[in-house]
Structure formats: structure tokens, C-alpha cells
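Participant: Listed here are the chains, written in short residue letters.
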Amino acid sequence: AQSVTQLGSHVSVSEGALVLLRCNYSSSVPPYLFWYVQYPNQGLQLLLKYTTGATLVKGINGFEAEFKKSETSFHLTKPSAHMSDAAEYFCAVSEKTSYDKVIFGPGTSLSVIP
Amino acid sequence: DTAVSQTPKYLVTQMGNDKSIKCEQNLGHDTMYWYKQDSKKFLKIMFSYNNKELIINETVPNRFSPKSPDKAHLNLHINSLELGDSAVYFCASSQVLAGELFFGEGSRLTVL
Numbered sequence: 008a009q010s011v012t013q014l015g016s017h018v019s020v021s022e023g024a025l026v027l028l029r030c031n032y033s034s035s036v037p038p039y040l041f042w043y044v045q046y047p048n049q050g051l052q053l054l055l056k057y058t059t060g061a062t063l064v065k066g067i068n069g070f071e072a073e074f075k076k077s078e079t080s081f082h083l084t085k086p087s088a089h090m091s092d093a094a095e096y097f098c099a100v101s102e103k104t105s106y107d108k109v110i111f112g113p114g115t116s117l118s119v120i121p
Numbered sequence: 418d419t420a421v422s423q424t425p426k427y428l429v430t431q432m433g434n435d436k437s438i439k440c441e442q443n444l445g446h447d448t449m450y451w452y453k454q455d456s457k458k459f460l461k462i463m464f465s466y467n468n469k470e471l472i473i474n475e476t477v478p479n480r481f482s483p484k485s486p487d488k489a490h491l492n493l494h495i496n497s498l499e500l501g502d503s504a505v506y507f508c509a510s511s512q513v514l515a516g517e518l519f520f521g522e523g524s525r526l527t528v529l
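Heads up: the protein sequence lines correspond to chains U and Z, in order. Per our numbering, residue 8 is the first one in the first sequence, and the count goes up by one each step. Per our numbering, residue 418 is the first one in the second sequence, and the count goes up by one each step.
Keep in mind the hints are simulated off the structure, nothing from the lab. Glycine included, each C-beta is placed from N, C-alpha and C at the ideal position. Heads up, some of the hints might be wrong.
Stated by the list, open to error - Under 10 Å between C-beta atoms, here's a sample of chain U residues computed to sit facing chain Z: (1) Gln45; (2) Gly50; (3) Ile67; (4) Phe70; (5) Phe97; (6) Ser101; (7) Ser116.
Said to hold, decoys possible - The calculated DSBU-like cross-link candidates involving lysine-lysine, where the alpha carbons are at most 30 Å apart (straight line), are: (8) Lys65/U x Lys453/Z; (9) Lys76/U x Lys458/Z; (10) Lys56/U x Lys461/Z; (11) Lys56/U x Lys458/Z; (12) Lys436/Z x Lys488/Z; (13) Lys75/U x Lys436/Z; (14) Lys75/U x Lys457/Z.
Next up, chain U with everything else stripped away, as it sits in the complex (with noise of 0.2 Å):
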């Protein structure tokens, strides 16, 4: 079964510095990845995923991961943060079987120093 460990429940950075969210995986077939994003009292949305093809995905805001099969990886990077890149992430996998779904990790608190 796959399972997504996400290093450091909370990362702070200062504004303009880089950030960087550690994802890393396990899965028994070739992954699927996605990094969501969650605004206080919102939603999860889509920020990037991973299907098949370029393992460097960008995604939106700025945002790009990319797919290390041999760490069994999946960071999200950013070169610069703004304060509005304050949320929570989650990083998540799905694998083709008969029971498709998409397990999410526990999730990672981004606070964006001005």
C-alpha cells in the first residue's frame, strides 16, 4: 500500500528566501504525486502533479517539484516566498490498482516571515 511522509510539520522562511517542503513516498507500482495547497478555512487545490514524462513539474504560483524515483522523492521548491504562499501543503500519492485512491500526507504549515 502507499504512504506519504512529509519531513517537518512546520517550516518558517523569510519573505524573497526559498522554500523548500520535503516529501517522500512509497508506493509498490509507479507513483502518481501531487502537491495541494490549503488556505485557512478553504479547500484543498491543486498545486502540481506527477504522472509520466518530465520529472521536474511546474505548477502554479511559482511552484515546482521534482520526481526522484531513486529517493522515492517528490519536494516542492519555490525560489522566492510571498507572503500569501502561507498555508498549509500536502503532498500526496495514488497508485493504479483495483482500488484507486489518493493517500495524503500529514501535511506541512508554511509561515512566511515579512
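Take the given structure of chain U and dock chain Z to it, following the hints.
Facilitator: Chain Z only, in chain U's frame:
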């Protein structure tokens, strides 16, 4: 026009009561889900329906009963509410199984 809408947004109720949450999507998706988000923000899948057929039923108490009258609607009924049921319940839909999920804004249930 909201893609995935849930009602109500907030529910406050007493232990032992029964409550329902409704969800509708206008994206034309075949698959709909219920997720539960606890106080630590952890998201856990509860149920999934594909074209009105139940395909995922996680280890959820029998007090929770989903119902999909058509593929655009998925409701969740909860009987005999307990304190531990307090959470935010999210409805979501996807075009393909286990693909990109489109979430509603959530229904915050508080059991007193």
C-alpha cells in the same frame, strides 16, 4: 459557479443526534469522495463512489452512510454522533480514479 459545493458549511450538534452533509459537483466527473480532516489537519479518505457505485469504503464506523443518488451528488449521513466525529468533512471529485481531486470548501462538524 462553484465546481464542488457542500452544505452546510458549519454544523454544531449534540452527541447522539443524526446529521447529513450534502455535496454536488458540476464538473461532469464520474468519481466522488468523502475525506475527513481531523484537528491536526490529517486527511483520511472515507468513501469513494464511481458512477454511483461504492468502490472505496475505508474502515469507517457503520454510523457513517454515504449515498449517491446520481453521479453529480454524494451525501453523507451520520447516525448517533460522537465527540470523536468532530472534524472537517471534505467532498471531492475527480475525472479519473485517483487523479486530480477537486475539493469543496468543507463542512465543519462540531459535536458537543
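Participant: Are the hints correct? Go through all of them and say.
Facilitator: Right, here's what the structure says about each hint:
no., hint, result
1, Gln45, "8 Å, holds"
2, Gly50, "3 Å, holds"
3, Ile67, "12 Å, violated"
4, Phe70, "15 Å, violated"
5, Phe97, "7 Å, holds"
6, Ser101, "4 Å, holds"
7, Ser116, "8 Å, holds"
8, Lys65/U x Lys453/Z, "28 Å, holds"
9, Lys76/U x Lys458/Z, "27 Å, holds"
10, Lys56/U x Lys461/Z, "19 Å, holds"
11, Lys56/U x Lys458/Z, "21 Å, holds"
12, Lys436/Z x Lys488/Z, "22 Å, holds"
13, Lys75/U x Lys436/Z, "44 Å, violated"
14, Lys75/U x Lys457/Z, "28 Å, holds"
The structure does not agree with the numbered hints 3, 4 and 13 stated previously, though it agrees with the rest.
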